[in-house]
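In the order they appear, the protein sequences are chains R and S. Okay, so the first sequence: first residue is 281 according to this note's numbering, each after it adds one. Okay, so the second sequence: first residue is 281 according to this note's numbering, each after it adds one.
The set of hints was computed from the structure by calculation and includes no laboratory data. What you are looking at is a predicted structure, and each value in this text was computed from that prediction instead of being measured. Errors might be hidden in some of the hints.
Stated by the list, open to error - Capping the alpha-carbon separation at 20 angstroms, the derived lysine to any residue pairs in SDA-like fashion look like this:
(1) Lys444/R - Thr359/S
(2) Lys478/R - Thr489/R
(3) Lys385/S - Lys498/S
(4) Lys385/S - Ser386/R
(5) Lys471/S - Thr492/S
(6) Lys478/S - Lys498/S
(7) Lys361/S - Pro384/R
(8) Lys361/S - Leu389/R
(9) Lys358/R - Lys471/S
(10) Lys472/R - Gln425/R
(11) Lys322/R - Pro387/S
(12) Lys498/S - Lys361/S
(13) Lys471/R - Lys485/R
(14) Lys322/R - Leu388/S
There are 2 protein chains.
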Amino acid sequence: MLEQIINCQNKRTPSPQCQRPILYTNYASESSWRVRIALEWKGIDYETRYINLATGEHLTEAYSEINPCRQLPCLITKTGKIITQSIAIIEYLEATYPERPIFPKSPLLKAEALSVALNIACDIQPLQAERVLNCLEIGGELRQQFCRRMLEIGLQGLESRLEKISGTYCIGEHITIADFCLVPMVFTARKKHNIDLKPYPYITKIRNTLMTLPEFRKSHPFNQPDCPQDKKEPVS
Amino acid sequence: MLEQIINCQNKRTPSPQCQRPILYTNYASESSWRVRIALEWKGIDYETRYINLATGEHLTEAYSEINPCRQLPCLITKTGKIITQSIAIIEYLEATYPERPIFPKSPLLKAEALSVALNIACDIQPLQAERVLNCLEIGGELRQQFCRRMLEIGLQGLESRLEKISGTYCIGEHITIADFCLVPMVFTARKKHNIDLKPYPYITKIRNTLMTLPEFRKSHPFNQPDCPQDKKEPVS
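Modelling step: build the complete structure from the supplied sequences, incorporating the hints.
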């Protein structure tokens with residue numbers, strides 16, 4: 281399957297395999313979930329390729345031909361071009377599928393939405409990522425301490441920001457890229473690192489509201505076909 | 281000074297203090313340098329407020345009124361609005377000062393440029409940041425090992441990407457936000473963490489070309505007024 285995609289990507293004209301965009305994803309990848317929400321939000325018909333992070337499929341030479349950084353997610357466009365980095369993918373989807381905008385039109389509000397998204401993507405997510413924590417050759421207890429400390433600092437800053445700028449959603453009354461990053465981040469913090477969200481009422485309220493929406497539920501890790509049965513829980 | 285700015289920010293109409301944008305910066309902040317390059321590139325007349333990271337000025341209550349995440353950089357717009365996160369600030373500058381574009385017009389090339397910038401901002405920079413490394417309560421040797429390992433993984437991925445997509449600059453022949461992120465990242469890797477760049481010829485070549493340009497030199501850490509004399513070296 282990977283070879284087919286690489287061939288497809290190298291062709292100058294779209295091949296039959298590339299009539300729909302293709303998302304490389306894994307149920308447990310926080311940043312892949314951001315893009316799954318965006319694809320659902322825009323109502324884009326897309327194909328899925330599941331990369332098994334548990335067996336290290338993202339580290340294979342075949343996958344590194346697609347993404348040399350060996351990370352998820354990765355989008356193959358309808359014309360066979362590769363885009364990596366979740367926020368770059370979401371900006372591309374916004375530019376090419378303008379219905380149901382993900383960014384406010386005002387440059388200032390757009391900057392606000394992007395800033396919250398980056399706050400999560402640069403300051404919080406990398407410090408709870410398995411690839412990073414696995415490089416910490418320290419015992420389980422210290423590793424967990426580091427991870428929780430970094431998460432607490434990140435969540436405190438984000439909570440203070442949302443106290444000032446949020447409404448029903450992160451940026452007032454409009455759903456934006458900030459919300460697409462918030463929900464997956466909270467999932468990782470709670471499910472992987474047992475972070476108690478009680479000290480963060482704004483984050484909790486916005487996350488709970490968003491989780492009533494079909495785009496966020498359908499794209500949820502537990503609703504993905506590659507999520508092992510023994511990992512699944514009811515989505516709440 | 282911080283109080284003046286907060287007052288200014290809370291006013292509905294621009295105050296006299298806000299006739300020019302104001303950048304909160306520190307010579308040693310990698311992400312602040314990205315924004316300094318963008319401001320120079322656009323030829324924007326701006327004011328500077330130096331936040332002393334060494335004395336923890338970014339952690340004070342006064343600064344947290346401006347940026348609850350207590351990080352640099354932070355831009356106060358001409359109308360007194362606050363924007364945080366370097367990439368969000370640069371996108372805002374692009375939207376409001378369109379001369380000398382920093383992003384390609386094509387959505388696909390724009391995604392490519394943004395993806396390289398995010399590759400640096402999400403995957404490399406956070407793992408060489410003092411605020412993160414300081415939370416690692418492990419001896420100097422282990423801390424350095426972790427930092428170097430994470431940097432090597434990040435630089436290898438970036439080098440492979442640039443081998444495929446770069447020209448004179450990161451994205452072919454046009455200077456973009458990707459270049460604004462590359463140069464500061466290389467500075468931190470070399471000067472703070474003694475990373476040898478020989479294994480990364482594409483990164484090195486592009487960085488060296490960019491460092492001949494006045495926008496990158498003027499904004500360089502060693503050319504900032506808040507850089508202590510004993511830290512300064514000739515810019516090369």
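Could you work out which earlier hints the structure fails to respect and list their numbers in ascending sequence?
Hints 3, 6, 9, 12 are the ones this structure does not satisfy, whereas the remaining hints hold.
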